[in-house]
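J.: The residues making up each chain are set out below.
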Amino acid sequence: MECPRFLTARVQAAFGESPEDPAWAEHGPDCYHCASEIGEMKELRHLYESAPRRTLNRRSKARVVAALRSASRGRRLRAAAVAAVIFLGATLALPRTRPDAAPRPAAIPAAAVIDKSVTEIRDRVAKLETDMEPAKPYVDAALDDLARRIRLLAWDTENENM
Amino acid sequence: MKDLIQGLKAGDSRAFERLVEEFGDRVHRYVARLAGLDGAEDLTQEVFLRVYRSIGSFEPSGGLAPWIFTIATHLSVDHIRRRIARPMAPTPSNRSGDPVEARELRETLVEAVARLPEEQRRVFYLREEAGLSFREIAEVLRCPPGTALWRMHAAMTRLRKALKAHMEK
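For the protein sequence lines, the chains are E and U, in the order given.
Mapping of the first sequence onto our numbering: residues 1 to 162, in sequence order.
Mapping of the second sequence onto our numbering: residues 1 to 169, in sequence order.
Hints are not guaranteed to be accurate.
Example chain E residues on the side facing chain U (calculated, C-beta under 10 Å, incomplete) [to be verified]:
| id | residue |
| --- | --- |
| 1 | Tyr32 |
| 2 | Leu44 |
| 3 | Ser50 |
| 4 | Thr55 |
| 5 | Ala67 |
| 6 | Leu68 |
| 7 | Val82 |
| 8 | Lys116 |
| 9 | Ile121 |
| 10 | Arg124 |
| 11 | Arg151 |
In silico PhoX-like links for lysine-lysine, alpha-carbon gap of 20 Å or less [to be verified]:
| id | chain 1 | residue 1 | chain 2 | residue 2 |
| --- | --- | --- | --- | --- |
| 12 | E | Lys116 | E | Lys127 |
| 13 | U | Lys161 | E | Lys42 |
| 14 | E | Lys42 | U | Lys164 |
If you are wondering where the hints come from, they were derived from the structure by calculation, not from laboratory data.
Ideal Cβ positions, reconstructed from N, Cα and C, are used throughout, including at glycine.
Full structure from sequences and hints, please.
T.: So this is what it looks like as C-alpha cells:
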C-alpha cells in the first residue's frame, strides 16, 4: 500500500471533506498514487449515485406526519388525565390530612392510675418516715402538694379532651 | 435546528412536517438498505415516532442527524433480528435507454455493497444514503472518526475489487 499515512485523508478528499492532516496540503496535490485512488473512489461513488434512489412519496410522508400528530395528541391527553387525577386526589385528600398533620397531645394516664401511683408512693414514703422521724412533716407536706397538683393536671387534661 | 427541536418538544405540527421533509427520504433509504425494502416504510414511521417520543432526552451537544440515524440503526437491527430479513435485494434499474453494461455494473456495485462486512456496510450507507459526515458517522457508531474513515477505505477497496472482477469476466 502506498502513502499509508494519508489513507484517511484520501477518503476525506474523495468524499468532499477537508482532510485534517496538515501534511496533506503539501503531499496531496503532488502524489500520483493518492490522486489516482481518489479518482477511483469518486468514480465508484458516481456509479453508486446513478442507481435509482428510493424516496418516500407524498402519501407516505403524510402518513408519518399523521402518526406523529396522533402520538402528540395521545401524549397531551395522557398528561391532562394525569393532571386531573392528581388534582382530584389532592382535593379529596385535604380534609383528611389536616387533623393527621396536627400534633397529637401527649398521652396522659387516667386519674385512677395516678391515684393508685400516689398511694403506692405514699406507702413507700410512710415506710421511709419510720426510719427518719424528724423529717416527717416536711415530707408529708411535699407529698400532699404533689398529689394535689397531679390530680389537678389529670382533671384539666381530661376535661380538655372532652 | 434548535427551533425544530423546540417545536417537536412542544408537539408543533409544523415541526413534524419539517422533520419528515428534511429526514424522510434519507431515513427511508437508509433503513431500506440496512434492513430490507420489505417493511421499510413502516420502519421509517417507527423511527420518526421514536424520535418524537425520545426528543426529551436528546442532548443538543450532539447533532440531530446523528441522533436520528442512531435510532434508525438500532431499529433496523431490531427489525432484522425480528424478521430475519436480509439486506435489500439489488434494486433493478428502471431507467430505460441505459446501456446494458452500465446497468450491470451498477447492479454489481449495489450487490457488492450489500455483501460488505456489517461495520463497513453501515459506514457506507450512513454516508451515501443518510448523507452524514464522517464525524457524524463516528457519533452514530460510537467510534473515533479515524475508524469510520478507515472502514470506508476498506469498503472502497473491496468494492473496487468486486467491480474489477466483474469487468474481467
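J.: So which of those numbered hints doesn't the model satisfy?
T.: Of the numbered hints, 1, 7, 8, 9, 10 and 11 do not hold.
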